[in-house]
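Enquirer: Spelled out from the first residue to the last, the chains are:
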Amino acid sequence: MNWTLDRATLRALLPAFSLVAVLAPIFFLQPATFSYFGIGLLLNLAVPLVLATLAQLAIITANDLDLSIGPFVSLVACIGATLLADRPLVGIAALAGCVLLYAAVGALVEYRQIPSIVVTLGLSFVWNGLAVLLLPTPGGASPAWLTSVMGYQTPFVAAPILWSTVIAVLVHLLLMRSSFGVRLRGTGGNPRAMRRFGWSLVRGKALLYGIAALFGVLSGLCLLGLTTSADANLALRYTLLSIAAVILGGGEFIGGRVSVIGAVLGATTLTLAASFLAFLNVSPDWQVGMQGAILIVVLSLRVLLQRRGGQR
Amino acid sequence: MSSNDSSTRQAPAARSSDDGSAGSPVGIGFAARLRALETPWLWSFAGAILVWFVIAAVFGFSIAGNVVVTALVFAVFMVLVGLGQMIVITAGPGNIDLSMPSAIALSGVLGVQLMKGRDDLILIGIGVALAVGVLVGLANYLLIRVLRIPPIIATLSSSFIVQSIAITQSRGMPAPPHALQAFANARLFGVPDIAWLALVLSLALAFVLHRTVFGRALSALGQNARAAWLAGVRVERVRWVTYVLAAIIAALTGLLLAAVSGGAALDMGVEYMLISVAVVVIGGTEVAGGKGTVAGVWGASLFLYLTNAMLNALGAGAGVRSIVYGVLIIAVVVASGHKARQ
Amino acid sequence: MVDAHALGKPQPLPSGAPPALIALEGIGKTFGRVKALADVRLEIRSGECVGIAGHNGAGKSTLMAVLTGVFRADEGTMAIEGRQVSDFDPNAARAAGVRCVFQELSLCANLSVAENMSILHPALRGHDWRRRATRLMLEQLDAIFPGHGLKGHELIADLTLTQRQMVEIARAFTVVSDPVKLVILDEPTSSLDAHTAAQLLAFVAKAGERGIATILISHMLGEIVQAAHRVHVMRDGRVAAVLPREAISHDAIVAAMGQELDAHAVPATRREPGNGDARATPAYQWRLGPDARARIDASRGEIIGFAGLAGQGQSEALLAIYEAATKARERVAFVAGDRPRDGVFPLWSIAQNLDIRWLLGGRGKPNTSARPFGLIPRVIDRRAASALTNTWTERIGIRGASSAAGILSLSGGNQQKVLFARALASDAQLILMDDPTRGVDIGTKRELYRLIREEAARGRTFIWYTTENDEFAHCDRTYVFRAGRVTRLLHAHECNEQSLLAASFADTEEAAA
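Chains as they are written, first to last, in the numbering used here: chain A, 1 to 312; chain B, 1001 to 1342; chain C, 2001 to 2513.
Bound-form chain A, shown alone:
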């Protein structure tokens, strides 16, 4: 098989390169991390971020942006730590209600032609408020079954890697390979044409937002299983991290061009970024700034590797 190392291939491999670029120095500087437990520790919180990233990916597929994913994941964790633990049926109903609400927002965005950034901003206030009502102070407790699922030690390969791979493969098959997923992506790629051929854009968007909500629910529950207690501001950083991960993974804001594998790799890279900086002995002062720098570097590389004659 002959591969040409042209720009397009380089761009597609960029997420993998970034991951290696972050991982290799860690292993080099701290060889102890190159072990089952080491990797497990490094990537401990990868799975929730991966799921949140996939939620954002679904929204970005629809040419929108979701500023409420962080508060939503926090809310799910809070529901899990309170309702789900004490009154499971109410908890399940609450989660289902949230998913339906998300889908309704998606339909509304398309139906009224309103910008998703602002609507999801408002939605983030709502999610946060609900979470604060449930847990005014950090607390609650994860249901036992959840903690044991998340604590399960998988053989040979560290759990986060295994789960991330499984999730990546399943979602890839769903969104990229199945006819259902292809049509959903089409609504983002050429909405006018889809409408002309009789596909309902309102339904498409509602579906994508609903799928995003499902991933958000999974993300919140996984996070709760790992941290065992919840708090209304638990996952606020997930909003911007998920956007960054999708873009790092090769996704574009408009045009419905997304890569599931790339996004998962991007989320993993960002999970590692904090450890990466710590191992490089970067002063804690600069750790926040370096994340910004990493984003900028990767995005610049993408621009450089872009086909000539990109759009303004």
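Be aware that a few hints might be false.
[To be verified] Below 25 Å or equal to it, Euclidean Cα-Cα: the simulated SDA-like pairs (lysine to any residue) are: (1) B:K1291 x C:R2378; (2) B:K1291 x C:R2341; (3) C:K2445 x C:R2300; (4) C:K2035 x C:E2048; (5) C:K2151 x A:L13; (6) B:K1291 x C:P2244; (7) C:K2445 x A:R257; (8) C:K2035 x C:G2097; (9) C:K2181 x C:T2077; (10) C:K2181 x C:M2257; (11) C:K2327 x B:R1145; (12) B:K1291 x A:Q113; (13) C:K2327 x B:K1291; (14) C:K2327 x B:E1236; (15) C:K2206 x C:A2017; (16) B:K1291 x C:A2385; (17) C:K2151 x A:R257; (18) C:K2151 x A:L174; (19) B:K1116 x B:L1135; (20) B:K1291 x C:S2403; (21) B:K1291 x C:L2161; (22) B:K1291 x C:K2445; (23) B:K1291 x C:S2402; (24) B:K1291 x C:D2338; (25) B:K1291 x C:P2377; (26) C:K2181 x A:W199; (27) B:K1291 x C:A2143; (28) C:K2445 x C:A2310; (29) C:K2181 x A:F197; (30) C:K2151 x A:Q113.
Hints are computed from structural coordinates only; laboratory data are not their basis. These numbers come from a predicted model, not from an experiment.
Chains B and C: place on chain A using the hints.
Expert: Quick look at chains B and C alone, frame taken from chain A:
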């Protein structure tokens, strides 16, 4: 929206049958003329006044009067960040500035450090704030323009870096100079000095938006960047000025916040991020760009603050307040949208 | 010259002949005040290839929209295989076997070739849908464009325009569950090269033998001449002529298209040649095109025309000139033809739309207050602005509307006038016009022509792209465009309808020096 579909041109039959004097505006009607007045900011003030009356009804006029005064102290900061965000949002769809909290932090920290608590160095402090604003604004613009990063990611990335710089400068901060603190907490005719300052800034900004060529160029850019270019607007120049202005406003806010609180803190600006967008939206600025309203930012800030006060007084917690804010934002945006073309 | 009605009479059907696949009778469609279609009669039988020719705006796209169910006709009747239909929507069209390859490609760029099949065919699902889709797509591509070289898994975004058009055309002929009976091809060869275009035409003939009817809309008259059994020439929303097989020829079509039915045609007063010293070095000079071969010059006070069929690169040339001129700090203004995209600011009033270019103008104007530093914004002189607006709304003829009213309260034609006034009221010495007289009434057009000539006499230079050929009578020199290149330069005295049409359809190889 325009009644023309850009992909279907009008048939030549239209050329001979259309005579321009038909469809005179008298036929447009009163309702349309009212819409043409287009004062969305009125609604936010109406909301504020309504909430104030509810407070007065429930708690009495003296308490209601006090609330207005405290509103003027605290809502002012919402106004300031809202003004900066409004300018950026007016520049067109997709434009947003997420770096305001970090600019607030950096300017506050750096200003306080360099003023060393001395009254004679206050001007240095102001100069530092201006410099921070210019540099952060330019950095945002360059990231967007040169690296072609969407504004939301560009300002996010720069906010991380700016925050780090602020962290490095935040060790051993002195208190702000006395005179500055005094100014920040003083009142003129019963209204806080900073409120007067914000008012002056608002008037200046409103003047720039509505009475200067730059303001028109900005509005043109926000409505249709391509048409603006073809009409002679220097698009890139307007863009960088926009981001620099927003950052300067954020920086000055940081200085004032430090003065009011008696010291700079690294997370001073965090809560203002979402608020800045909320007051812009609720105040009636077009989210798709092209039409900013200064008055709306004031109305929305007062409205949100008074709503907050009312909810507090009624015993509602932070959670309820948050939900109310969210529902308000969504309601305003949904009301201002229009049905999709079927 | 073919009489519009002589051959349109329905012939008595020989007994036993099947009814027409689609029969339209007396179709009319009106949008607001615009009558897009009037009394259109069209009959398509299976296996026929019907060509439709006509200028832009003649009603072709609207007619196709009616045929595919996107628009419902306001008048007239439609019959599918002899049965009258009343609710003809896109789903009914698809069930009846009508497919359309639109001019703007309707492929999803983020999907692959095979994946785009699933957009057209809802029946494609299940675990092996991709394999079936790829197979069907490749089969069709092999049938129409042998040697295409595509594998089916390529992303549309990575294909050339030619390949995308090939994919779109092939997809239209694929069958999964709904039959294919009529395929409408709207400018199918605009992105194809000669070889692939020939392949397509050959396939159209073969498909006709299998009973698939086609409608061929094309500006490439040679193709229509080769492939069509019948040609309908449209003009102003009507069928101006129907040419039977034996009467189809390049010249006949051009003649039918060029026939001016409008009795109120603007009398073209010939422009006096040699206004200003044409021998001296021209004031403006540009090199355009991918290889910078096309040279456009213009002198002060000249009116230059850009001619040719629509979409042959004239707008792109204008934009290139605009960009070069703004970089060189020339005083240039642009009059947009595509109002929503390029011209109108929908949130503004008439006055604001009018004075924006003047406001942005250079030094020495009455609206400028002293600008010591670039940082102090210029204050708008409101009195001067409103005086300007009043003068120009008067001059350009926007009567009755208050200039504080929103721009969208005006009709399309009046909006166009405002855009015109925007450029003329400014300080610009070079004015570029991108097909600006669309939707403007005859009386105003005369006013505008007069204004243009007056301003040109004062030394302003105009570069004028228009799709109305009589307007070139006002031009000193006209560049004719074809496929992004300048094929001819016509001087005022050479510039008439016939030579323009001939030059518009000339292939680049035949271009005169």
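Enquirer: Hint by hint, work out which the structure violates, then give me just those numbers in ascending order.
Expert: Of the numbered hints, 4, 6, 7, 8, 10, 13, 21, 22, 27, 30 do not hold.
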